[in-house]
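Taking the hints into account, I'd like the entire structure generated from these sequences.
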Amino acid sequence: MSLEQLTYLFVVGSFVIYIAIAFWSRASNTREFYVAGGGVTPLANGMATAADWMSAASFISLAGIVSFAGYDASGYIMGWTGGYVLLALLLAPYLRKFGKFTIPDFVGDRYYSNVARVVAVVCVMFISFTYISGQMRGTGIVFSRFLQVEIDTGIMIGMAVVFVYAVLGGMKGITYTQVAQYCVMIFAFTVPALFLTFSMTGHLLPQTGLGATLDNGLPVLDHLDGLVTELGFASFTEGSKSKIDMFFITAALMFGTAGLPHVIVRFFTVPRVRDARISAAWALVFIAVLYSTIPAVAAFGRINLIETVNGADNMGTPYEEMPQWFKKWENAGLIAWYDHNADGRTQYAAGEAFTGRQHKPIYWGAAEDEVARNFYSNQRHVVNPSSGEFDPKVQPFANEIYVDPDIMVLANPEIAGLPNWVIALIAAGAMAAALSTAAGLLLVIATSVSHDLLKKTIRPQITDRQELLAARMAAMVAVLIAGYLGMHPPDYVAAVVALAFGLACASFFPVIIMGIFYQRMNKYGAISGMLVGLISTICYIVYFKFMGGEPQDWLLGISPEGFGAVGMALNFIVAYLVAHLTPEPPKHIQQIVQNIRVPGNSGSAYY
Amino acid sequence: MKQNTKAAEQYWRRNLQIIFSYLIIWFGVSFGCGIVFVDELNHFNMFGFKLGYWFANQGSILVFCLLTIGYAVRMSRLDSEFDVHE
Numbered sequence: 310m311s312l313e314q315l316t317y318l319f320v321v322g323s324f325v326i327y328i329a330i331a332f333w334s335r336a337s338n339t340r341e342f343y344v345a346g347g348g349v350t351p352l353a354n355g356m357a358t359a360a361d362w363m364s365a366a367s368f369i370s371l372a373g374i375v376s377f378a379g380y381d382a383s384g385y386i387m388g389w390t391g392g393y394v395l396l397a398l399l400l401a402p403y404l405r406k407f408g409k410f411t412i413p414d415f416v417g418d419r420y421y422s423n424v425a426r427v428v429a430v431v432c433v434m435f436i437s438f439t440y441i442s443g444q445m446r447g448t449g450i451v452f453s454r455f456l457q458v459e460i461d462t463g464i465m466i467g468m469a470v471v472f473v474y475a476v477l478g479g480m481k482g483i484t485y486t487q488v489a490q491y492c493v494m495i496f497a498f499t500v501p502a503l504f505l506t507f508s509m510t511g512h513l514l515p516q517t518g519l520g521a522t523l524d525n526g527l528p529v530l531d532h533l534d535g536l537v538t539e540l541g542f543a544s545f546t547e548g549s550k551s552k553i554d555m556f557f558i559t560a561a562l563m564f565g566t567a568g569l570p571h572v573i574v575r576f577f578t579v580p581r582v583r584d585a586r587i588s589a590a591w592a593l594v595f596i597a598v599l600y601s602t603i604p605a606v607a608a609f610g611r612i613n614l615i616e617t618v619n620g621a622d623n624m625g626t627p628y629e630e631m632p633q634w635f636k637k638w639e640n641a642g643l644i645a646w647y648d649h650n651a652d653g654r655t656q657y658a659a660g661e662a663f664t665g666r667q668h669k670p671i672y673w674g675a676a677e678d679e680v681a682r683n684f685y686s687n688q689r690h691v692v693n694p695s696s697g698e699f700d701p702k703v704q705p706f707a708n709e710i711y712v713d714p715d716i717m718v719l720a721n722p723e724i725a726g727l728p729n730w731v732i733a734l735i736a737a738g739a740m741a742a743a744l745s746t747a748a749g750l751l752l753v754i755a756t757s758v759s760h761d762l763l764k765k766t767i768r769p770q771i772t773d774r775q776e777l778l779a780a781r782m783a784a785m786v787a788v789l790i791a792g793y794l795g796m797h798p799p800d801y802v803a804a805v806v807a808l809a810f811g812l813a814c815a816s817f818f819p820v821i822i823m824g825i826f827y828q829r830m831n832k833y834g835a836i837s838g839m840l841v842g843l844i845s846t847i848c849y850i851v852y853f854k855f856m857g858g859e860p861q862d863w864l865l866g867i868s869p870e871g872f873g874a875v876g877m878a879l880n881f882i883v884a885y886l887v888a889h890l891t892p893e894p895p896k897h898i899q900q901i902v903q904n905i906r907v908p909g910n911s912g913s914a915y916y
Numbered sequence: 016m017k018q019n020t021k022a023a024e025q026y027w028r029r030n031l032q033i034i035f036s037y038l039i040i041w042f043g044v045s046f047g048c049g050i051v052f053v054d055e056l057n058h059f060n061m062f063g064f065k066l067g068y069w070f071a072n073q074g075s076i077l078v079f080c081l082l083t084i085g086y087a088v089r090m091s092r093l094d095s096e097f098d099v100h101e
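For the record, the sequence lines run as chains P and D. Residue numbers for the first sequence follow this note's numbering, so the first one is 310 and each next one is one higher. Residue numbers for the second sequence follow this note's numbering, so the first one is 16 and each next one is one higher.
Simulated from the structure, these hints should not be mistaken for laboratory data. Relax, there's no trap hidden among the hints.
Label pairs and their in silico Cβ distance ranges:
1. D:Ile-40 / P:Ala-878: 20 to 26 Å
2. D:Ser-95 / P:Tyr-827: 25 to 31 Å
3. P:Ala-878 / D:Ile-33: 20 to 26 Å
4. D:Ile-33 / P:Lys-896: 24 to 30 Å
Because the structure is a prediction, the values reported are computed rather than measured. Every residue gets a Cβ at the ideal spot worked out from N, C-alpha and C, and that includes glycine.
In structure tokens, the structure reads:
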């Protein structure tokens, strides 16, 4: 079978499985639709949480980012795993004991205020829509790369699939599809990584292979450091960011992870408090399988790239001799070459090979167009080369290559020379990563509308059946909006994601923590703290990301990505001060706080 | 509920002690070894890794896993001890 047929087989086959699972475990009441009936085992919930959490970005892009940024990207690795320690120790068990359906439920009840509930709903919506548009875009990109379908068509197919299984199955349906999706994505990610590690180092595990010694007698990382510094790049294992900035970025990602609504809500689905603790541990273990593999994939990928492009003698490789994967991804627009020194050889070094915004190549004509290619070498013509100047004291030649970071995962099986079915598997895995996260977010949005806004605020008298219908309708509308956002992405996707994490970190995390660990916290403190955290974070990020603020004006050198942690600190301080100047919360609220601290009798707390 | 209040307070205090000690380790391996003292630790070499780099990219994940597993086990025992398990 050809690669394309195999890819279709795997992708369509996995879709059929997801929809079948959703049909078999469809929701018949709101409790099943919101929290899967509260009967999910810790192991299954751990897998579902891992799939829910690991998005298209984790699967496709993170290894590439680590590959090019080295140590500077370790904030992502520590932040996106360390957040689960906070979830397991500080949030999951108590929120499970509390026994409601959503975060706004907790905020509204604990702070006996519908104002607090509505502020929480607004945050949930903002965070979830920001995130889901990226996932929809992700499915579109996967379709376009592996199956040569237009991005917008791919998004529509992704919408249709999510639509069927999330609207029909609710939380119960997506829980079991996420278990299947985790298996698909982890298999697709680790198999090429294992092969790559084995072929380069002889080690079986990527985690130990990264410390292995190569044939030339150097450890992998020392060899890589040598290669990149010779070419004028910063060292791979040492950072160039300031320590304080690293510290705050890592903190914002960590506390933001612990405050993300679609992750927290997964812990409402297990039967008992101890199951919430156990499933948080499972979730982290399942996530760690992927995240601890990423640094190895990143390092091996970078070594391969440098040695393939620059050749064994570090003089460059004639374009005609470049391997097939280089040309394939050149056709897909993820690689470009401009021969600055006109020697017919590809050379990769520090600096940008192309000019313009983000230094992306602009090709002349389409990939299929014979006229848009060099008559002799058949390379694609590019119209925006940079000046090609370089400092001969720092590097041997100018950079001639553009490489999209996603290549590090997408092209891995081809670089390692793996069979076609593994390449086809990567497509199914990337799709699973995008769809599972999208479905989780969709559920959170639908629940916020039907439960927090409709049932709890606007029309408390509606029946369970009406509420379930409203949840399904809200999910439908949310799919359409998410698809639209995916087709017309906001200009600065990365900046908007920083905003989502910053908001989760500066709003939800502190307000939930104080609700559990500080009995004296009242509604005045919580609401003012949330507003101060939110507004300060939004202003800082918007000023520096969208209104042209300059990095030298950063407060203490903290970049916008890390400011959520400052917003969180402000939230804590303001909440504490205001709570002490205003009356303490009513007795029955204090009783609730004491009650959620101790397990037992949580049964199926169902209101 | 009344006669249980004292036991509940004690359970909560023990829980807070456990959380606090675990969070010190959590902070130490990530923010401590992985960021603040990374340059000092990078002078040491372990199985082909610079130690600071290893903590930031591998070691912290490993310790995080051990912490969450340890907490789940430890708290299950505490629940039984105070007879609050379900």
